[in-house]
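J.: Here's the letter readout for the chains.
Protein chains: 2
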Amino acid sequence: MSTKTRGYDYLPGISIDCVIFGFHDNQLKILLLNFKNTDWLAVPGGFIKESENLEEAAQRILEERTGLTNIYLEQFYVFGDRDRRDNEMLKSLMKAVDGVELSPDHYLMTRFLSIGYYALIDFTKANPTPDYTSDSCQWYDIDTIPTLIYDHSAMVKKALETLRFFLDEKLIGFNLLPEVFTMNDLQNMYETILDKKLLRTNFQRKMLSLGILERLDKKMTGAANKAPYLYRFVGKESNV
Amino acid sequence: MSTKTRGYDYLPGISIDCVIFGFHDNQLKILLLNFKNTDWLAVPGGFIKESENLEEAAQRILEERTGLTNIYLEQFYVFGDRDRRDNEMLKSLMKAVDGVELSPDHYLMTRFLSIGYYALIDFTKANPTPDYTSDSCQWYDIDTIPTLIYDHSAMVKKALETLRFFLDEKLIGFNLLPEVFTMNDLQNMYETILDKKLLRTNFQRKMLSLGILERLDKKMTGAANKAPYLYRFVGKESNV
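Heads up: the sequence lines are chains A and B, in that order.
Counting with the UniProt record's numbering, you get residues 1 to 240 for the letters of the first sequence.
Counting with the UniProt record's numbering, you get residues 1 to 240 for the letters of the second sequence.
Next comes chain A alone, as it looks inside the complex (with noise of 0.2 Å):
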């Protein structure tokens, strides 16, 4: 039942897609792929080896896109429309991309769910690398990305819902900064992501009694008495 496929056995009909989140100069962003010789934008995918847990195929496809291993990602939704995927759009794409045509019998032409992860990543450090279908891979404003292709606007606002809900649930969002920070850094972080101004006082209130800060050296900037203090998350004791 599996499909070869560039020299591997993959699972046939389910792909995996990924929002790849990353913070920067107060934007969230995500990494999108321009597939070779069009204008058409994608979240990056790809396929389930045989040989592969589900989680490590997810893991594999980041690192392919990004360099980075034991990265914070999560499954968020399956998308399983039977008619998510145009297959018209499919044939004009891996035309222009591979110049292939491909028959109807093809097992990219049969009905695929896809499983979508979201990621959390440390912008500074990722390395942003297409794949063979795209001639680029970069990172995109949340708020200004145009159309993506079949459902992959969908899979993006999804994304976006659940880290919004996850964020302060989870605490996910230390995913997002490099190692150590500042309190403002934080803050810029949060309120970036949900879209709203967060009182300061508050914020840092709420933020220091959850046990899960360390607050070390002052950030030297020059003015040393109006330095902040820069931060590392230590993580907490139980999580659902």
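No lab work stands behind these hints: they were computed from the structure.
One or more hints might be untrue.
Listed next, the stretches of chain B that the computed footprint assigns to chain A, with coverage defined by at least 3 CB atoms under 8 Å from CB atoms of chain A [said to hold, decoys possible]: (1) 73–84; (2) 107–116.
Mimicking EDC-like on lysine to aspartate or glutamate, the simulated pairs with C-alpha atoms at most 16 Å apart in a straight line are [claimed, not checked]: (3) A/K95 with A/D151; (4) A/K95 with A/D39; (5) B/K206 with B/D168; (6) B/K170 with A/E169; (7) B/K49 with A/D81; (8) B/K49 with A/D83; (9) A/K170 with B/E63; (10) A/K158 with A/E74; (11) A/K170 with B/D98; (12) B/K219 with B/E191; (13) B/K125 with B/D81; (14) A/K218 with A/E161; (15) B/K196 with B/E179; (16) B/K170 with B/E74; (17) B/K158 with A/E63; (18) B/K36 with B/E191; (19) A/K219 with A/E191; (20) B/K36 with B/D98; (21) A/K49 with B/E169; (22) B/K36 with B/D131; (23) A/K49 with B/E74; (24) B/K170 with A/E63; (25) B/K91 with B/D105; (26) A/K206 with A/E191; (27) B/K125 with B/E63; (28) A/K218 with A/D185; (29) B/K170 with A/D168; (30) A/K206 with A/E161; (31) B/K197 with B/E179; (32) A/K125 with A/E56; (33) B/K196 with B/D131; (34) A/K170 with B/E161; (35) B/K158 with B/E63; (36) A/K206 with A/E169; (37) B/K158 with B/D98; (38) A/K158 with B/E74.
Just so it is clear, the structure is predicted and the values come from calculations on it, not from any experiment.
All C-beta atoms in this analysis are idealised placements derived from N, C-alpha and C, irrespective of residue type, glycine included.
With chain A held as given, fit chain B onto it using these hints.
T.: Relative to the frame of chain A, chain B by itself:
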């Protein structure tokens, strides 16, 4: 790429498994199938027809097992470990159930991912119905369920964690209650699912402050001045 079986075209390599929660007599319960001629138990499941959206398939499977339509259900996880299903157990199972000897190239013998859904239903309205592989479909108290086949015990565990996590955040618990209920009924349900006692006054104040309950007449039990009010869930304004 699809799999012809029992007259339908099903998507290959993907199943749906459903953890169906009900609440009765202050017990959280789930529906389990008992496979014919064995003592093996499993959560109900099924496959996705070529003609169905993923969500439609899940609703159909739920309806087949409970007789209910428009059930509250949510995807909670895709189970995709390479060795999640023991094929020798599957062979024994199908032999016991159907008398058939599965050949190694039978479509059921390939690797399957399973998309986990949890459903919350009104216990009093469900009509549990076995499928063709099982001779019973019954409610089991969540804290005394025996070991299940394959990775189904892990499925139940994960579904229960998800239910607990979302109980407050998404106010989904009301799907487990009849249309009208007392504040006591509501608190019992919360306490049972969360497995802890809640302070009555705090709980009541919080629930009333959410603006999601409509107060109806008192529940007539004889002693009029002690009769509790009945409530109905009327939803809330927004949800993530």
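J.: Next, verify each hint and record whether it holds.
T.: A quick look at each hint next to the structure:
1. 73–84: holds (count 7)
2. 107–116: Contact hint for the region 107–116 of chain B vs chain A: holds, 5 residues under 8 Å.
3. A/K95 with A/D151: violated (20 Å)
4. A/K95 with A/D39: holds (14 Å)
5. B/K206 with B/D168: It holds: about 11 Å lies between the C-alpha atoms, which stays within 16 Å.
6. B/K170 with A/E169: Holds, at roughly 13 Å.
7. B/K49 with A/D81: Measuring from Cα to Cα gives roughly 11 Å; hence the hint holds.
8. B/K49 with A/D83: Cα-Cα ~13 Å, so holds.
9. A/K170 with B/E63: Violated. A/K170 to B/E63 sits at ~34 Å, over the 16 Å cutoff.
10. A/K158 with A/E74: holds (13 Å)
11. A/K170 with B/D98: violated (46 Å)
12. B/K219 with B/E191: Cα-Cα ~22 Å, so violated.
13. B/K125 with B/D81: This hinted pair is violated, its Cα atoms lying about 35 Å apart.
14. A/K218 with A/E161: This hinted pair is violated, its Cα atoms lying about 35 Å apart.
15. B/K196 with B/E179: With a Cα-Cα distance of about 24 Å, the restraint between B/K196 and B/E179 is violated, given a limit of 16 Å.
16. B/K170 with B/E74: holds (12 Å)
17. B/K158 with A/E63: With a Cα-Cα distance of about 27 Å, the restraint between B/K158 and A/E63 is violated, given a limit of 16 Å.
18. B/K36 with B/E191: Not OK: B/K36 and B/E191 at ~36 Å, beyond 16 Å, violated.
19. A/K219 with A/E191: Between A/K219 and A/E191 the Cα gap is close to 22 Å, so the pair fails against 16 Å, i.e. violated.
20. B/K36 with B/D98: With Cα atoms ~9 Å apart, B/K36 and B/D98 stay inside 16 Å; holds.
21. A/K49 with B/E169: Violated, at about 36 Å.
22. B/K36 with B/D131: holds (10 Å)
23. A/K49 with B/E74: The hint is violated at about 27 Å.
24. B/K170 with A/E63: This hinted pair is violated, its Cα atoms lying about 34 Å apart.
25. B/K91 with B/D105: holds (12 Å)
26. A/K206 with A/E191: holds (14 Å)
27. B/K125 with B/E63: Distance of about 12 Å is within 16 Å: holds.
28. A/K218 with A/D185: holds (14 Å)
29. B/K170 with A/D168: holds (15 Å)
30. A/K206 with A/E161: violated (22 Å)
31. B/K197 with B/E179: violated (24 Å)
32. A/K125 with A/E56: This hinted pair is violated, its Cα atoms lying about 21 Å apart.
33. B/K196 with B/D131: Outside the cut-off at roughly 35 Å; violated.
34. A/K170 with B/E161: Answer holds: A/K170 to B/E161 is near 13 Å, not above 16 Å.
35. B/K158 with B/E63: violated (22 Å)
36. A/K206 with A/E169: Cα-Cα ~13 Å, so holds.
37. B/K158 with B/D98: Violated, because 31 Å separates the two Cα atoms, which is more than 16 Å.
38. A/K158 with B/E74: Status holds; Cα separation ~14 Å.
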